[in-house]
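Undergrad: Sequence:
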Amino acid sequence: MRVFSLLAAAVFAVGMAGPSVAATPDHYKCYKIKETKKKCLMDLGAKCKVDADCGAAGPCLGFPKGVQASIADQFESGNYDVKKPVRMCNPVDKNGEGILDPDTHQKGYQIKAVKGAPKHVKQRVTIQNQFTDQFSADGLQVVETIKEDFLLVPSGKDLSGPASLPSSDVDHYKCYKTKEVKGVCTGDMTSKCKVDADCFTVGGSCAQKHPKGVNVTLDDQFESGSWEAKKLTSLCTPADKNGEGITNDVDHLACYQIKAPKGAPKHVKQSGVYMNNQFGHEVLGTIKEDLLCVPTIKSFGNPPVSPTEMDFTTIDGTQPCGFVVDGADQQIGSMDCGTLYLGGPDHNLPPNPTPPGSTMRMGLDCTGSSCDVSPSSSVGLDHNCTEAGCPFGVPLPLDRGALSTCIVNTLAAPVTGSLDLATGTASLNVSLDSDVWLNNIEQGSPPYGVGHIPCPQCVDGGGSPLSGSPESPAVGTCDYGENAGSACSVTNTAGLSRDCPPLKTGCEADTAGCSDGTLHVSHIAVNLSPLTTGSTSASAPDGLFCPDQKFAGCFGEAALPGGAADECRGFEQNGTEAGPLANGVPTSMTMGSTFCIPATGNALIDSLGSDLPGPGSTSLPGIVTVRE
Numbered sequence: 002m003r004v005f006s007l008l009a010a011a012v013f014a015v016g017m018a019g020p021s022v023a024a025t026p027d028h029y030k031c032y033k034i035k036e037t038k039k040k041c042l043m044d045l046g047a048k049c050k051v052d053a054d055c056g057a058a059g060p061c062l063g064f065p066k067g068v069q070a071s072i073a074d075q076f077e078s079g080n081y082d083v084k085k086p087v088r089m090c091n092p093v094d095k096n097g098e099g100i101l102d103p104d105t106h107q108k109g110y111q112i113k114a115v116k117g118a119p120k121h122v123k124q125r126v127t128i129q130n131q132f133t134d135q136f137s138a139d140g141l142q143v144v145e146t147i148k149e150d151f152l153l154v155p156s157g158k159d160l161s162g163p164a165s166l167p168s169s170d171v172d173h174y175k176c177y178k179t180k181e182v183k184g185v186c187t188g189d190m191t192s193k194c195k196v197d198a199d200c201f202t203v204g205g206s207c208a209q210k211h212p213k214g215v216n217v218t219l220d221d222q223f224e225s226g227s228w229e230a231k232k233l234t235s236l237c238t239p240a241d242k243n244g245e246g247i248t249n250d251v252d253h254l255a256c257y258q259i260k261a262p263k264g265a266p267k268h269v270k271q272s273g274v275y276m277n278n279q280f281g282h283e284v285l286g287t288i289k290e291d292l293l294c295v296p297t298i299k300s301f302g303n304p305p306v307s308p309t310e311m312d313f314t315t316i317d318g319t320q321p322c323g324f325v326v327d328g329a330d331q332q333i334g335s336m337d338c339g340t341l342y343l344g345g346p347d348h349n350l351p352p353n354p355t356p357p358g359s360t361m362r363m364g365l366d367c368t369g370s371s372c373d374v375s376p377s378s379s380v381g382l383d384h385n386c387t388e389a390g391c392p393f394g395v396p397l398p399l400d401r402g403a404l405s406t407c408i409v410n411t412l413a414a415p416v417t418g419s420l421d422l423a424t425g426t427a428s429l430n431v432s433l434d435s436d437v438w439l440n441n442i443e444q445g446s447p448p449y450g451v452g453h454i455p456c457p458q459c460v461d462g463g464g465s466p467l468s469g470s471p472e473s474p475a476v477g478t479c480d481y482g483e484n485a486g487s488a489c490s491v492t493n494t495a496g497l498s499r500d501c502p503p504l505k506t507g508c509e510a511d512t513a514g515c516s517d518g519t520l521h522v523s524h525i526a527v528n529l530s531p532l533t534t535g536s537t538s539a540s541a542p543d544g545l546f547c548p549d550q551k552f553a554g555c556f557g558e559a560a561l562p563g564g565a566a567d568e569c570r571g572f573e574q575n576g577t578e579a580g581p582l583a584n585g586v587p588t589s590m591t592m593g594s595t596f597c598i599p600a601t602g603n604a605l606i607d608s609l610g611s612d613l614p615g616p617g618s619t620s621l622p623g624i625v626t627v628r629e
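Under my numbering, think of the first position of the sequence shown as 2, with each following residue one higher.
A few of these clues could be false.
[Claimed, not checked] Distance condition first, Cα-Cα at most 27 Å in a straight line; then the derived DSSO-like pairs of lysine-lysine:
(1) K123 x K50
(2) K178 x K210
(3) K260 x K85
(4) K123 x K180
(5) K40 x K66
(6) K33 x K231
(7) K148 x K116
(8) K270 x K260
(9) K50 x K39
(10) K66 x K35
(11) K35 x K148
(12) K38 x K113
(13) K39 x K210
(14) K210 x K193
(15) K263 x K35
(16) K113 x K66
(17) K66 x K84
(18) K120 x K178
(19) K33 x K289
(20) K232 x K85
(21) K178 x K193
(22) K123 x K195
(23) K123 x K113
(24) K35 x K270
(25) K231 x K123
(26) K232 x K180
[Unchecked claim] Restraint ranges, calculated between C-beta atoms of paired labels, are given here:
(27) V215 x P65: 50 to 56 Å
(28) G369 x G328: 41 to 47 Å
(29) P351 x P212: 44 to 50 Å
(30) G244 x G117: 41 to 47 Å
(31) K231 x K84: 23 to 29 Å
Hint data in this document are derived by calculation from the structure and do not stem from the laboratory.
Heads up, the beta-carbon is just placed ideally off N, CA and C, and yes, glycines get one too.
All chains should be built: construct the whole structure from the sequences, respecting the hints.
TA: As structure tokens, this is what we get:
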């Protein structure tokens, strides 16, 4: 997959003005070559010294001395001696990506600035291509040009006789010997660094060299197989030769040494390869594979760009994130990531996993790596807003048999807080209005199918809950509730959708229940602040963590069996910082919270369902992405 179009606008600003619309160039596999000299083009058995020796079989082969060309690119312009041909380059199918133009090849000629011309001024630039995307956080690598090396000239090729000229809209490339630069920031290419976090002041990531062990499959007109792409040796810029212009001044070529793996067959030398370009006809033979030239974007730096948005998307938990201790500070239980623990000790209902796939979008105002978090009003199929009144995740089912409830959480106040880009630490202020609905509809009873849960679901045409993700939301209709039969989208695996709330109309004052069998209980206030990547804890020597809590302990026998719930005197959730955050790079993060849950006002739920009021604790493993 080619990613270069994403950076095109930035490159236009620093490159040569007025780029034409043109296709991205092919990958090229280059071979070292041996030139055929003093033979007649149409009769390779005939020797010659000059064209006249060949007559109609001419011309006499051999690249002449004294050829010069004016060459202008994005680094410099001047006159150069064009010397002997040193390599030929076939368009190549790399990793099954195909070939755009199988007829146009490139032939490389040594070049040297004419006597008395200024020497090349070394240029330090960033490049991005399919290789750099694999090992750099921002997709960029820093390289430095050393001196001019060779000129790639579009060429036709034929294996049976004299070749035709290639298409005239393919660019020439001026190639520079190049070294890779490690340990500087891609933002200014001078600030030293050891890790990406060192670069937040100037922007970008800490530059690395091309790694070892990058293997590619290559298939061209001579051979196919696997090769290792080793260090970068050349950067090739689109070049205006002799005032002929440039078709595409955005796409460059980065050329890497290639080597066949140990034990692979050696290159079978090819002879009688006819080529033709603006310098004339030539016949050559290949010696061995040499370089792989990869389409590449170049820029003169990646100026620091502060992110303005942050998304946090919940995912499933995979390990414990917290623990519970007794009065002697001995651990008596653990708390799983992505799970809600609530209530006092006097109930036997299990903790509930938080549905994954919900995304909160927030605003950022950053100075250096320090950012203030603010609410966002943006709403999309793949994310929620974070102003007061916006949904906090999807409706939350608490499966407790006849006392099953559906909790619809909305933000009681705008989300605020802080984020550090260098460390990936975050602390959010999140206050919820939790709307509690009792739903004791029997599983599988009409009109609800097998697998019915205490919240409405987004279902397909057959009534089965849909499964979606933030990247690929599923679309269906709500099975019951306020929006029964209406369209909905799902970004989690359980069919839960903010488009499908419980039945609200006419139920607020209906103590007998709503027409679909649910019963509205109450609105309660739950404050998760701080929801943090750090540690948050609660302790109570008497085991009473919250105002009006009835019994000493926490979280019930299902979470802490064997009487441990009564012994609970403290608990702690441990978040996980993301580490350095770069624009557009999804990164793992876990945030946790400890809090109190007030009574709902429903005696059954408060006494039997959850033992409320009582403590609460949750962790939210997720993926954080910041972007400009």
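Undergrad: Would you mind marking each hint as holding or not holding in the structure?
TA: Here is what the structure says about each hint:
{"no.": "1", "hint": "K123 x K50", "in the structure": "violated, 41 Å"}
{"no.": "2", "hint": "K178 x K210", "in the structure": "holds, 16 Å"}
{"no.": "3", "hint": "K260 x K85", "in the structure": "holds, 24 Å"}
{"no.": "4", "hint": "K123 x K180", "in the structure": "holds, 11 Å"}
{"no.": "5", "hint": "K40 x K66", "in the structure": "holds, 17 Å"}
{"no.": "6", "hint": "K33 x K231", "in the structure": "holds, 17 Å"}
{"no.": "7", "hint": "K148 x K116", "in the structure": "holds, 15 Å"}
{"no.": "8", "hint": "K270 x K260", "in the structure": "holds, 16 Å"}
{"no.": "9", "hint": "K50 x K39", "in the structure": "holds, 6 Å"}
{"no.": "10", "hint": "K66 x K35", "in the structure": "holds, 17 Å"}
{"no.": "11", "hint": "K35 x K148", "in the structure": "holds, 24 Å"}
{"no.": "12", "hint": "K38 x K113", "in the structure": "holds, 22 Å"}
{"no.": "13", "hint": "K39 x K210", "in the structure": "violated, 44 Å"}
{"no.": "14", "hint": "K210 x K193", "in the structure": "holds, 14 Å"}
{"no.": "15", "hint": "K263 x K35", "in the structure": "holds, 25 Å"}
{"no.": "16", "hint": "K113 x K66", "in the structure": "holds, 13 Å"}
{"no.": "17", "hint": "K66 x K84", "in the structure": "holds, 7 Å"}
{"no.": "18", "hint": "K120 x K178", "in the structure": "holds, 14 Å"}
{"no.": "19", "hint": "K33 x K289", "in the structure": "holds, 6 Å"}
{"no.": "20", "hint": "K232 x K85", "in the structure": "holds, 25 Å"}
{"no.": "21", "hint": "K178 x K193", "in the structure": "holds, 23 Å"}
{"no.": "22", "hint": "K123 x K195", "in the structure": "holds, 24 Å"}
{"no.": "23", "hint": "K123 x K113", "in the structure": "holds, 15 Å"}
{"no.": "24", "hint": "K35 x K270", "in the structure": "holds, 10 Å"}
{"no.": "25", "hint": "K231 x K123", "in the structure": "holds, 23 Å"}
{"no.": "26", "hint": "K232 x K180", "in the structure": "holds, 9 Å"}
{"no.": "27", "hint": "V215 x P65: 50 to 56 Å", "in the structure": "violated, 40 Å"}
{"no.": "28", "hint": "G369 x G328: 41 to 47 Å", "in the structure": "holds, 45 Å"}
{"no.": "29", "hint": "P351 x P212: 44 to 50 Å", "in the structure": "holds, 46 Å"}
{"no.": "30", "hint": "G244 x G117: 41 to 47 Å", "in the structure": "violated, 22 Å"}
{"no.": "31", "hint": "K231 x K84: 23 to 29 Å", "in the structure": "holds, 26 Å"}
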